[in-house]
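So the protein sequences, as listed, match chains V and R.
What the first sequence shows, in this note's numbering, is residues 1 to 301, in sequence order.
What the second sequence shows, in this note's numbering, is residues 1 to 652, in sequence order.
Please keep in mind that the hints were generated in silico from the structure rather than gathered at the bench.
Note that this is a predicted model, so its numbers are computed, not measured.
A few chain V residues that face chain R, going by a derived Cβ cut-off under 10 Å, partial list only: (1) Ser59; (2) Thr62; (3) Met76; (4) Gly89; (5) Ala97; (6) Gly99; (7) Ala103; (8) Arg110; (9) Lys119; (10) Thr197; (11) Leu202; (12) Gly219; (13) Ala220.
Glycine residues also receive a C-beta, built at the ideal position from the N, C-alpha and C atoms.
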Amino acid sequence: MASSIVKTTAIVAALALVLTGALLVAGCTGTDDGTPTSTPAPGTQVPTTGTASGRLSVSGSTTVLPIAQALAERFMALNPGADIQISGGGSSVGVSAVGEGTADIGMASRELKEAETTKYTTLVPVPIARDAIVLIVHPSNPVPPLAPGQIRDIYAGNITSWQDVGGSDAAIVLVGRDSAAGTREVFTEKIMGTVNTTPSMLEKNSNGAVQTSVAPNPGAIGYVGLGYVDATVRALDLQVNDTAVAPSVENVKSGSYPLSRELFFVTRGEATGLAKQFIDFTLSAEGQQIIEDEEFIAITR
Amino acid sequence: MMETPTTTIPAPSPVAVPVQRFDLAERAIRGLWLLCALAAVGAVLFILLFLVLDAYPAFAEIGVVPFLTGETWSPTSTPPSYGILPLIVGTLLVTTGAMVFSVPLSIAVAIYLAELAPYRVRAAVKPVIELLAGIPSVVFGFFGLVVLVEWLRVSFDVPTGESLLAGSILLGIMSLPTIISVSEDAITAVPRELREGSLALGATRWQTIGQVVIPAALSGITAAVILGVGRAIGETMAVLMVTGNAAVIPDPITNVLSPVRTLTGTLGIEMGEVAIGSLHYHALFAVATVLLLIALGVNLGASTVLHRLNASATGRGGPRRLAAVTGRRHAGTVVAVLVTALTAAIAGSIAGAPAAVTVLVAGLALIAVVPRLSRDQVEKGAFLLLYVAVAAVIAILAIILFDIVSKGLPALSWEFLTEGPRDLGRAGGIFPAIVGTLSLVAGAIAFALPLGVGAAIYLAEYQRENRLTRVVRSGVDLLNGTPSIVFGLFGFTFLVIALGLGVSMLAGQITLGLMVLPTIIRTTEEALRQVPQGLREGSLALGATRWQTIRRVVLPPATSGIITGTILSIGRAAGETAPILFTAAVFSQRFLPSSVFDPVMALPYHLYVLATTVPGARENTYGTALVLIVLVCAIYAVAIVVRDRSHTTMRL
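For reference, chain V alone in the conformation it holds in the complex (with noise of 0.2 Å):
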């Protein structure tokens, strides 16, 4: 029976160390030969002329985390001693990661609320790029475009079938997002006003999520992030003043579409060293380009 004993904690010890050997050496491999994990796109000219180095820690809202990790790539293929690391979470667990110490870049796709400026009083936000939020419905879902004043009772709860407001009989099923999200704050304050959302509405944790729920259901609308919308959904027209309006780039750069927003990178402090290289890319030329491919909006152009 000893011996049984021995035989298995001799397996399981093997195990444990083969793992830990193969972390070991891999880390090492890793860092030693500085092989990316990441590699370039294929096709593209790598100018790694860059010299800007050192780890970056970059942390908070899902909405700006597909931008983050665009311009990151990017960054990092053009500057290989520099190691960016993402993550996400929402944008108050970034907001107080930067506060605590704990990542470099906090990501926010909402402006600082007065309890974290009373918290962290060093923060600075700089403003990296717009998004436009998008109503959704259905592919077969024939409705017109709405007015802001319909959306307002539609998700109040006071209109409950499409057929009163231009669509077929069926009833409504209203999606949103989680009550303190960012997207959803800049719907209510543009949309919704003092008016309370309807409790039967059904709440998702990421645009993804909504996107998800509506692009089954016939009788379902939702709101998502300009990037998001695809094939398997149908963008609603915003009818404002007697104009259908579109929910294009064009539209919310001139103004004329009326539900965007700012997204931001937030530091302890102005930026320093390779943050600020990293928050300079943005914001230049290259940056923004990179910004409009991930079909968000551009801030300086």
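Start from chain V and add chain R according to the hints.
Just chain R now, kept in the frame of chain V:
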């Protein structure tokens, strides 16, 4: 007079038996296990303390009673309202529904595996069911959102399938492997003599199972169900994806197709976006506190009820036993009628009045007919139900696996497995995430296994059942019922910020280790209890010390049960997102981690970000899910081989 031959007995050699040394070593070892047991309780108290500290401002400003009984949860409306009654009701309804779905199914499958299945079938089916434990909760949530919800919407012709029913079914499926595995271990451990005695008295196999084996295994089955309830109450990701998260109380309460919101769903969905230090933030910590208290209440209640059941079934209840038995027969009929009525009401809410009437009539007919059937007919009927249950569980697993494999296989390639991600994860591979997950799991088990086994040894071997053991066990159950997102929050505020570890592999490993600690403690304790008392007594009678007995006589047969617990824990640790969300994971970094203080990429987190934040990554999402399942399978395979080898060599 004959001289009696005398044999000279040699004088005993003056071996100095070092009694003092034995005592000291024994006491030191006992103290070590006591520390482990207290550490588990300490962890729970610590987490509770952290939660209450942050929750207090909310209770002070909102008031405890308005908070608990308010019917509207709407923190961002004007004016904001913080009533959590709909959330409490949602949690209770979803958990109850999940248990109603899962417990009968699980126990049926466990009985089949332990009693009826041929050895080869059992050896094949048991690992397959444990595989269900390795499917990450995000994958379940994704499957639920894309397949289950749609199926419900189309089948029952309702505006949306996101509902209480979807949440219950999904949570029920997720608790299946836990309850099945632990129950099966308990049933297998019932001594053969009990079965043989019953059969010798002329009972049928079903009568033996129902009236001898199950009552003897009741304590293990209780542990299994409590673990399952803990899993259901604490699940965050899957439930927030399919229940709709609408903070309403279903009207009427049996309307299972109404959307609901649970306490964990509220935490999962709002915690990341809320402003630190605001009233909303403190209110969420108050929600977490209430959740823990409910989990504790459910555990205590379940323990008490099953303790009473155990006492009446095994005759430990004393002279009241006869009354309990006769009372029970009538009680059985009353319960059956109530269950029929409730099922009819639920069927009515799903499919209308005709369905309700059908269920009612069928149920009453069954209640009238079954007691009048012969023993053999009852046995045939019962075994048929068992086979149906097994078929159902295998079918569920097949559907889920088929969905993931068919959609994920196209994404697999050598590049996918050995390179890092590109283009936000839409292209490239997931190699760093694989390495990250392996190291997180290894670290979590390295942290939890010694601590958990030590605590279990103390509870099972060194203490009689008294207040201390009950306190420790309640602490362990409380830790078990803690939602994964609460672990993540605790890890963030304590390990990452207060201890200054930063977002690191170490913080993630400790958080995950805490999360799986109760599973290891519970299963180890059950495994130790199943070792027959005669073995211990024989060893002690031969002069061995307590620790020698444990090490050489008690632990070896318990090894297979301990490995079951480790397997379940590995599956849980590998697939959880919420604990590593704020403590260890990054979506991308350039190099692999070079020390435990670096952050890591991890498969479940990668999956979560791809599924919810990166548009156009559907194929790689499924590919990541597939790789994660295969990885967990590989770890399982090793552990199962180890368990089977130790089982055959230890078989008594």
